[in-house]
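Under the numbering used here, the letters of the sequence shown match residues 2 to 184, in that order.
Hints may be right or wrong, so weigh each one.
Claimed, not checked - Restraint-style ranges between C-beta atoms, simulated for each label pair:
id, residue 1, residue 2, range
1, K181, A97, 18 to 26 Å
2, T90, L176, 17 to 25 Å
3, E68, M133, 30 to 38 Å
4, E138, T90, 36 to 44 Å
5, C42, L15, 23 to 31 Å
6, L15, V35, 47 to 55 Å
7, W148, T182, 31 to 39 Å
8, S71, A95, 28 to 36 Å
9, G102, E138, 30 to 38 Å
10, G54, G87, 23 to 31 Å
11, A95, G58, 23 to 31 Å
12, L25, V89, 19 to 27 Å
13, G87, G128, 37 to 45 Å
14, G128, T41, 42 to 50 Å
Source of the hints: derived by calculation from the structure; they are not laboratory data. Using N, Cα and C, we set each Cβ at its ideal position, and we do this for glycine too.
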Amino acid sequence: MSDAAGFDDGSGRLGRGVDAAATLLAYAGGFCLVFIIVLTCVSIAGRALLTLGFGFGPVPGDFEMVEIASGVAVFLFLPLCQLKRGHVTVDLFAGAMGRRGVAITDLAGNALMTGASAIILWRLLAGLQDKMRTGEESFILAIPVWWGYALSLVGAAVFLLACLVTVWRSVHVCLILLQKTRA
Numbered sequence: 002m003s004d005a006a007g008f009d010d011g012s013g014r015l016g017r018g019v020d021a022a023a024t025l026l027a028y029a030g031g032f033c034l035v036f037i038i039v040l041t042c043v044s045i046a047g048r049a050l051l052t053l054g055f056g057f058g059p060v061p062g063d064f065e066m067v068e069i070a071s072g073v074a075v076f077l078f079l080p081l082c083q084l085k086r087g088h089v090t091v092d093l094f095a096g097a098m099g100r101r102g103v104a105i106t107d108l109a110g111n112a113l114m115t116g117a118s119a120i121i122l123w124r125l126l127a128g129l130q131d132k133m134r135t136g137e138e139s140f141i142l143a144i145p146v147w148w149g150y151a152l153s154l155v156g157a158a159v160f161l162l163a164c165l166v167t168v169w170r171s172v173h174v175c176l177i178l179l180q181k182t183r184a
């Protein structure tokens, strides 16, 4: 991994490990989306066959499974999005700020995202504990709601790690730029 400025990011083994975990989770998120597509197609085809008089029908609880899988997929994609700088940024003044200015704003943005990811993880964990305590289940399939929270929690935890790695990378780039200006 290297920063967009062309520097070694300095994250070492931890950075590579988080990158590998984020990539694996992104593939799992892609699997969730493929599952949603197949499930939706099968359910729609079943509805069509039912109206034509065949003995098939929609998949029971399809919307429950789509709801859970789409929520989980979002959390599974977040770590890789953070590591690959895939979040939306506004670079309106980037040309006027120079490399140091961009590096400082990147650091600030990564620090803010780290704070947000920590809050998301904290509240998701609280939600998981609540759903486990109450034993809430989905209406049709009686899927324990905490399953979706638990799977999402994995993505949220790796998202926080990815945010910490991006803060480290930004600090590393800022230090390198600071050393270059002193030399």
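These are the hints, each one checked on the structure:
| no. | hint | in the structure |
| --- | --- | --- |
| 1 | K181 x A97: 18 to 26 Å | 19 Å, holds |
| 2 | T90 x L176: 17 to 25 Å | 22 Å, holds |
| 3 | E68 x M133: 30 to 38 Å | 19 Å, violated |
| 4 | E138 x T90: 36 to 44 Å | 40 Å, holds |
| 5 | C42 x L15: 23 to 31 Å | 41 Å, violated |
| 6 | L15 x V35: 47 to 55 Å | 31 Å, violated |
| 7 | W148 x T182: 31 to 39 Å | 52 Å, violated |
| 8 | S71 x A95: 28 to 36 Å | 33 Å, holds |
| 9 | G102 x E138: 30 to 38 Å | 52 Å, violated |
| 10 | G54 x G87: 23 to 31 Å | 48 Å, violated |
| 11 | A95 x G58: 23 to 31 Å | 55 Å, violated |
| 12 | L25 x V89: 19 to 27 Å | 24 Å, holds |
| 13 | G87 x G128: 37 to 45 Å | 25 Å, violated |
| 14 | G128 x T41: 42 to 50 Å | 26 Å, violated |
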